[in-house]
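Colleague: Respectively, the protein sequence lines represent chains A and B. Those letters in the first sequence? Residues 1 to 501, per the numbering used here, in order. Those letters in the second sequence? Residues 1001 to 1244, per the numbering used here, in order.
Since the hints were derived computationally from the structure, they do not count as laboratory data. Be aware that a few hints might be false.
[Claimed, not checked] Distance windows between CB atoms, simulated:
{"#": "1", "chain 1": "B", "residue 1": "S1014", "chain 2": "A", "residue 2": "D425", "range": "30 to 38 Å"}
{"#": "2", "chain 1": "A", "residue 1": "R223", "chain 2": "B", "residue 2": "G1178", "range": "30 to 38 Å"}
{"#": "3", "chain 1": "B", "residue 1": "S1180", "chain 2": "A", "residue 2": "R493", "range": "46 to 54 Å"}
{"#": "4", "chain 1": "B", "residue 1": "K1169", "chain 2": "A", "residue 2": "P240", "range": "44 to 52 Å"}
{"#": "5", "chain 1": "B", "residue 1": "D1073", "chain 2": "A", "residue 2": "D255", "range": "38 to 46 Å"}
Note that beta-carbon positions come from the ideal geometry of N, C-alpha and C, so glycine has one too.
Residues per chain are reported as follows:
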Amino acid sequence: MPGPRTLASVWAAKSATLASRRLRRGGGTAVSGLVGLKLQSSLIHDLASQLGHGCVLVTGTNGKTTTSRLISETARAAGLQPLANASGSNLMRGLASTLAAATGPGGRLTDAAQRLGVFEVDEAAVPAALQELRPRVAVFTNLFRDQLDRFGEVEAVAALWRQALAKAPPGLTLVLNADDPAVASLGEGRDNVIYFGVDDAKLDRGAIEHASDALSCAVCGSRLEYNIAYFGHVGHWRCPGCGRPRPEVAVSGRDLDLRDGRTLGFEIVVVGNHEWAVDQPPHPNPLLEGEGIMEPRVEASTDMTDAENASMPVEMGIGGLYNAYNALAAAAAVIALGLPAGATPEALKATGAAFGRQEAFEVDGKGVELFLGKNPAGLNQVLSTLLLDPNRKVVLIILNDGIADGRDISWVWDADFEVTAKQFDKVLVSGTRAAEMALRLKYAEWDEAALTVEPEIGAALEKALAATRDGECLTVVPTYTAMLTVRELLAKRTGRASFWQ
Amino acid sequence: MNERRLRLGHLYPSLMNVYGDRGNILCLTRRCRLRGIELEVTELEVGDALAADGFDLLFMGGAQDREQRLVGDDLSKLKGEALREAVETGVVFLSVCGGYQLAGKSYRGADGEELAGAGVFDLHTVHPGAKAKRLIGNLVARWEGGTLAGFENHGGRTYLGPGCEPLAKVVRGHGNDGQSGFEGARYKNAFGCYLHGPVLPKNPSLADRLVSLALERRFGDGTLPALEDGLEQRAHEAALRIRN
Chain A
1 MPGPRTLASV
11 WAAKSATLAS
21 RRLRRGGGTA
31 VSGLVGLKLQ
41 SSLIHDLASQ
51 LGHGCVLVTG
61 TNGKTTTSRL
71 ISETARAAGL
81 QPLANASGSN
91 LMRGLASTLA
101 AATGPGGRLT
111 DAAQRLGVFE
121 VDEAAVPAAL
131 QELRPRVAVF
141 TNLFRDQLDR
151 FGEVEAVAAL
161 WRQALAKAPP
171 GLTLVLNADD
181 PAVASLGEGR
191 DNVIYFGVDD
201 AKLDRGAIEH
211 ASDALSCAVC
221 GSRLEYNIAY
231 FGHVGHWRCP
241 GCGRPRPEVA
251 VSGRDLDLRD
261 GRTLGFEIVV
271 VGNHEWAVDQ
281 PPHPNPLLEG
291 EGIMEPRVEA
301 STDMTDAENA
311 SMPVEMGIGG
321 LYNAYNALAA
331 AAAVIALGLP
341 AGATPEALKA
351 TGAAFGRQEA
361 FEVDGKGVEL
371 FLGKNPAGLN
381 QVLSTLLLDP
391 NRKVVLIILN
401 DGIADGRDIS
411 WVWDADFEVT
421 AKQFDKVLVS
431 GTRAAEMALR
441 LKYAEWDEAA
451 LTVEPEIGAA
461 LEKALAATRD
471 GECLTVVPTY
481 TAMLTVRELL
491 AKRTGRASFW
501 Q
Chain B
1001 MNERRLRLGH
1011 LYPSLMNVYG
1021 DRGNILCLTR
1031 RCRLRGIELE
1041 VTELEVGDAL
1051 AADGFDLLFM
1061 GGAQDREQRL
1071 VGDDLSKLKG
1081 EALREAVETG
1091 VVFLSVCGGY
1101 QLAGKSYRGA
1111 DGEELAGAGV
1121 FDLHTVHPGA
1131 KAKRLIGNLV
1141 ARWEGGTLAG
1151 FENHGGRTYL
1161 GPGCEPLAKV
1171 VRGHGNDGQS
1181 GFEGARYKNA
1191 FGCYLHGPVL
1201 PKNPSLADRL
1211 VSLALERRFG
1221 DGTLPALEDG
1231 LEQRAHEAAL
1241 RIRN
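So that you can see chain B by itself, here it is in the shape it has in the complex (with noise of 0.2 Å):
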């Protein structure tokens, strides 16, 4: 096989790597590897420029309310418009948690202060104050690859709008708000999640289907040869038979 080079673009992460985010990016990068595909990661901070054409694949992680506020104010007077022309052209996008928060049209923090979001995503965003009870535990929910599988943990509550389609289904959990029975949204190829921290690594349906519309985007084939999973199916059936 040729030598095939992918271009992830990882989005703010020291301010958004609140927990195990990192593991994504392992999880892309060795399962690449595997198949031959170089994935070249690009780390962009609050204050870096982001190309709308500058990369395959884009990935945010969570934060903490603070770290939200600065990134908030940087998506929207640097890199909003690049990453919405990214996505509107296919790049592949995966925002989890606080990113999937921030990817969104506006989140209103628990002090009632909202930020203006990168607007990727056709929803918003509503933390219902402090005393609220954060929507915590394992999550289990069911997308057209199968199943999904992680932990959730987050004070907002995520409403949908017309112009994207949920992610998945929670079968266990509480997923984007806790009552619609949605678990994050999908537009185009970005993908947002509750699902937080490592989701990609013991759910490699989901991990395998993000370099591959980023292959077929870019090479006009997204044909992924299978991988020894056995470990990712462990951990995954573990994870989805964890009760909270």
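Chain A on its own, in the form it takes in the complex (with noise of 0.2 Å):
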């Protein structure tokens, strides 16, 4: 049972949500956590041990949110009950209200034998969260520049995890991403790491774009040689300086399959790995050992033992290769969990948009979809994915600078808004700093009389609507806040539920 603490801290915490809807302050995901942790800090200790199929942790600087919904639904596919922090509250208050939410009255988790937690997890928040939370997966999906303002240096945070990692409790499987030369040396020394990546050719863009970060090698500090590079510094790399190459990865992306940028279809092959899907003890909690709650619901997966590469077609509902690399990242962690990797195919096809990512709504016969752009390797991913459609007449981008977004927008000149130059017939652009991205725009030399800028949000939206002509479609571009409060206009406008709801 849990100390008489525990249970006011998780009682607090709850209050402080109800408190916070009904003063209409938001979803108040995160203001229940921080009550509840100055009551107690291993609250999030405390519940998580009571997950009774464990938790994945999921982290990196972009497809953290989309990553945690995949692998949700293909564990509910799998009959469990995932618990997730979906509202993108990443930070330990908000991992804090997800698992007090989810208690009884006693103050113990409800459904706990069931239950998988599936958490996605702010980048500087993973040393804590490794320790409190004590993960079974934690997987990373990519290392980019991000809010330099907040992080200061992108190889602090490199720094910061490889430090987590090397103290992190045992037990850990790590999935991570080949590609990234930042994240995939996070690998070296340590056993249970599965490695996904995508091995595609055709989606060789022949050099390094310009967002990119992780150009040296982190053991030599040579600069990195790729023979195929994707998007930022994510490819097929190798060190010329002390010859180390990218991991042999075990979940494979191929024939990748990007149409107009809202599917994909590709292939999954789990490359002659299967020990991954059959090897896991049969109940991998390591502290839920001697407890005696339950038998595992779900049988390890033996499907694909047979083969030596297990191959499974793939179709998503939403797009772009970042998506394919969110996908096969949910894949492996699927895998490491011991979940049958048979269910993971239904499950990407069902799992729609998450949350402002691809995220579309109608109104008055026309369409928006919302493109969460936070970063510049986020960002260019993006408009490499709305290249892929050349009917996207009218944009709506809209770049913030609140904390969430990070004060400083010098990103925006990283992003290469130059691919679009030519493709928007009219241009809407929003938020505090609408000023700066326009003149971003302009020195990427899209058409200055398309350029319409307009600060306030609800009236930049209403002018992008009126400027979209029936049928056609609105894409609009926001940073995180901005996201937020335009995704909040066109719930009002559609019905759809709130974030928190």
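Given two chains presented individually in distinct reference frames, assemble the corresponding complex, making use of the accompanying hints.
Modeller: Structure (structure tokens):
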């Protein structure tokens, strides 16, 4: 049973959430956790240790939310009850409120035996989250420059992760992006690592793009060489200095079909690494040993053990190369968790867009599609994806400089807006730093005559909708806080749920 | 107007590019082009030689500590002397953030390790250690050409010697060291500042000064026709208004 202080903090957290919602201060997902943590710092640990199937931590610069969502849906398809901080409240207080909200009157998690925690975790919160959550699996999607006003330097994030992993609780399996050298190097010298990556030479851009960070070898400092460059510093790399290659991948994405950027088809190949699917202990949550709570509901998959490489065709309702990476990260995590990988394709197909990420609305007979863009690498992937559909003609770009966006908006100069300079007939620019955004587009040779600067987001959305013809689609590219605002406006107009519901 | 050509050397573009630094190259290129000046940009990485008379303008952006060591090494072995000579002969030089630090005499990093700088400016920079507060935020300063606005993010504190002048006075923000009230440095046609990343696009007064000085040195006439700068001024004014 939880101690009285746990109970008190759980209740404090729950009631703060209610109060915050009644006061209309938003979802209250972070507020409640803050209250709970003040009362007892080990709240997260106490509640996470009750998760019958343990938990998986998902972190990285881009793809956290979508990857977490894909893991949750696959787990659900396998009969588990995922518990996720789906609203993107990914600091420690967000984890606390997510866990507290899942407790019953006795202060224990409800349905604990069936629960799998799927937690996206802010890059800087990884050390604390590893200690308190004690996850079975930690997924690292990628590492790019993002919010340097907050994190200081990219290398500082990599160092933070390395130190945190050196002290990580035992029994942890890492799921790492082999194509991102900064992430792949986290697996140096470790056992229990599953690497995922893309093997599709036709997507080679020929050269590394501007928004690249991890261009020098994490071990010897030499400048990396690339056989294939997909985006940013992501690709098939090799260090000419110490000879370190991109690691062999266990989960490979092949034959990608990017289409018009709204859907995606590819093959997931599990490369001769079936022991991951079958050799996991039947009850891999080390924290629960001896408690004898339950038998696992999910048998480890054996359906792929006969073949040397198991191949699964995948269809997704979201588009872009970056979402293929998110799907591969999720598939690798599912294998690491010992869940049946065979359920993955179906779950991937059924999983729609996450909040604000390629989320589509219909307003007065016009489509509206939201593409969150919050750092150069992510935005470049968004722009490449927009380019796949030449019928996108109206765009609303919103640049805010709130704390959650990063106060420093210099990063828009690192994103390759040049690639879509000729695409749009009508361009609305909005947000607290609309003028700087417009200036960036001007210097990217966008047509200045097509540009309208309207800092107020509501007014900009109306103007953008008015410029969109019936049956056509308005593309909206907001930073994080701008996405919250524009999504709320769209939710009101369409009756869709707010994010915390 | 006859086609005029200026040569810009971009120092260490792959290492010194931490946050939007290429905005400065885009800005200079475009503002030259609109005035019928062709700006020829050459990228100079570690290991590439620099000729003191090879360029009319030089630019060096910001970097993280690890890259700064590589660059510091290359400056002392290969490019530093030519860079000093270029500046002595009036070549226009802009250095930003980490580049500004390395253009001074020395930089002592968070770990206490001291790097020799290029010595273009009579200044030295000391990082007071990993636990010290970084100087981060929106920065507004006043220089002879008006206001400058942008963002700063640095651990090092920069102290000017008698051999160079401050570029600007801090109106809001930290500047060189958070204490002196000065931002940046100036020596002959060399400019250094903590206003980082894309400082030039929204500070066209500084961008045009650099081009004008380079034209004057090379062609004897630095006159520049005005450009339509509506968006530039709007972005500048928006940045002036930001409160941290």
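Colleague: Please go over all the hints and tell whether each is borne out by the structure.
Modeller: Now the hints, each set against the structure:
1. B/S1014 x A/D425: 30 to 38 Å: 36 Å, holds
2. A/R223 x B/G1178: 30 to 38 Å: 35 Å, holds
3. B/S1180 x A/R493: 46 to 54 Å: Because 53 Å falls inside the window, the suggested range holds.
4. B/K1169 x A/P240: 44 to 52 Å: 48 Å, holds
5. B/D1073 x A/D255: 38 to 46 Å: 45 Å, holds
Of the numbered hints listed earlier, not one is contradicted by the structure.
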